[in-house]
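Novice: What follows is the residue order along each chain.
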Amino acid sequence: MTVNGENRKLPGRISLSEFLMGEGFQTERIAVERNGEIVPKSSYGHTVLEEEDRLEIVNFVGGG
Amino acid sequence: MEEYTVNKSRDKRRGTEGGTGKTVTGEQLRQALLERYSPRMYEQISGGKAAVAGLGGLGSQIAVLLARAGGGELLLVDFDRVELTNLNRQVYDLSHLGMPKTEALAGILQKINPYLKIRVKQEYVTEEKAGILFQEYPILCEAFDKPEQKAMLVNTVLERCPETVIVAGSGMAGYGSANSIVTRRKMRRLYICGDGETELSEHVCLMSSRVAVCAAHQANMVLRLLLGEEEV
Chain F
1 MTVNGENRKL
11 PGRISLSEFL
21 MGEGFQTERI
31 AVERNGEIVP
41 KSSYGHTVLE
51 EEDRLEIVNF
61 VGGG
Chain C
1001 MEEYTVNKSR
1011 DKRRGTEGGT
1021 GKTVTGEQLR
1031 QALLERYSPR
1041 MYEQISGGKA
1051 AVAGLGGLGS
1061 QIAVLLARAG
1071 GGELLLVDFD
1081 RVELTNLNRQ
1091 VYDLSHLGMP
1101 KTEALAGILQ
1111 KINPYLKIRV
1121 KQEYVTEEKA
1131 GILFQEYPIL
1141 CEAFDKPEQK
1151 AMLVNTVLER
1161 CPETVIVAGS
1171 GMAGYGSANS
1181 IVTRRKMRRL
1191 YICGDGETEL
1201 SEHVCLMSSR
1211 VAVCAAHQAN
1221 MVLRLLLGEE
1231 EV
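First to last, the protein sequences are chains F and C.
Numbering-wise (the numbering used here), the first sequence opens with residue 1 and increments by one.
Numbering-wise (the numbering used here), the second sequence opens with residue 1001 and increments by one.
Quick caveat, the hints were computed from the structure, so don't treat them as lab data.
Computed from a prediction, not measured in an experiment: that's the story for all the values here.
Just so you know, even glycine gets a beta-carbon here, dropped at the ideal spot from N, CA and C.
Fair warning: there could be bad hints in the mix.
[Stated by the list, open to error] Per the computed footprint, the stretches of chain C lying under chain F, defined by three or more beta-carbons under 8 angstroms from a beta-carbon of chain F, are:
| hint | region |
| --- | --- |
| 1 | 1079-1091 |
| 2 | 1101-1110 |
| 3 | 1128-1137 |
| 4 | 1199-1207 |
[Said to hold, decoys possible] Below, a list of computed lysine-lysine pairs in the DSS-like style, where the Cα atoms sit at most 30 angstroms apart:
| hint | chain 1 | residue 1 | chain 2 | residue 2 |
| --- | --- | --- | --- | --- |
| 5 | C | Lys1121 | C | Lys1186 |
| 6 | C | Lys1117 | F | Lys41 |
| 7 | F | Lys9 | C | Lys1121 |
| 8 | C | Lys1111 | C | Lys1186 |
| 9 | F | Lys41 | C | Lys1129 |
| 10 | C | Lys1111 | F | Lys41 |
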């Protein structure tokens, strides 16, 4: 799996929300694209990651 | 919710020159831009349409830059009013204190280009509203301050507005090097400007210069998109 351009080993069968939690992301502050498509927040729990997935995770910080 | 279109009547579009009462016509303004731009650039920029969500340090400066560049139409969205604490980094002045930011900014932009088409919405953007507000805009500048609002807007617009490209800001607080602020294309329809990490907090404040660098990155990416350049 590729996450933000880096190769990552998938730790077994895991959902996107489990993966994000394990990485320490706060889901209300991020946007995730999977294989070129935005993943709706409501799908994080039932999106099962696959070895060939390309994830792009954007984490927003405050200030504007 | 308040909505109005500035410059409804053509008669109100006349700008006056330096208090002399001399009218600056649309044609004079067009010629002034054509002294700088090629006709193709002029057409692409003046035909451009963009929305700015959040009219604080980022959004107010992005809007001014786009108005100066000769942009054609801007939608300005913010629920807030101008406060004294805003003046360290936003384009407003003392005369705007207490005014809705939408109205104050529309007034500033009209003095730069009275022929710019300005729409304003004075409201708090929610998930329900975002998809409708921005769907007719090919370009949206995300200029909110709270990370949750930024993420909500970006997620909603990417999901529900398939024709809209977002130019967002993330990471411009503090007085770190201006050189760490960059423009990245993170997704097909999402560009992010900023250092990506320096967050507004109890110990890190927002400074006019670094916020302006980020706003200029966003405005520059908007102009690049209008001119047909998709790469950063």
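Novice: Now, for every hint given, state plainly whether the structure supports it.
Specialist: We went through each hint and held it up to the structure:
Check on the region 1079-1091 of chain C: 0 of its residues sit with their Cβ under 8 angstroms from a Cβ of chain F, so the three-residue criterion for coverage is violated. Taking a C-beta to C-beta cut-off of 8 angstroms, the region 1101-1110 of chain C contributes 0 residues in contact with chain F, too few for the three needed, and the coverage statement is violated. Look at the region 1128-1137 of chain C against chain F: 0 of its residues bring a Cβ nearer than 8 angstroms to a Cβ of that chain, fewer than three, so the hint is violated. A stretch counts as covered by a chain when three or more of its residues have a beta carbon under 8 angstroms from one of that chain; for the region 1199-1207 of chain C and chain F the count is 4, and the coverage holds.
For the hint linking lysine 1121(C) to lysine 1186(C), the alpha-carbon distance of about 28 angstroms falls within 30 angstroms, and the restraint holds. Distance restraint check for lysine 1117(C) and lysine 41(F): the Cα-Cα separation of roughly 35 angstroms exceeds the 30 angstroms cut-off, and the hinted pair is therefore not satisfied. Among the hinted pairs, lysine 9(F) with lysine 1121(C) is inconsistent with the structure: their alpha-carbon atoms are about 46 angstroms apart, more than 30 angstroms. For a cut-off of 30 angstroms, the pair hint linking lysine 1111(C) to lysine 1186(C) is broken: about 35 angstroms separates their Cα positions.
Under the criterion of a C-alpha separation no larger than 30 angstroms, the hint pairing lysine 41(F) with lysine 1129(C) is consistent with the structure, at around 17 angstroms. Note on lysine 1111(C) and lysine 41(F): the hinted pairing is violated, with a Cα-Cα distance of about 42 angstroms set against a maximum of 30 angstroms.
Violated hints for the displayed structure, listed by number in ascending order: 1, 2, 3, 6, 7, 8 and 10.
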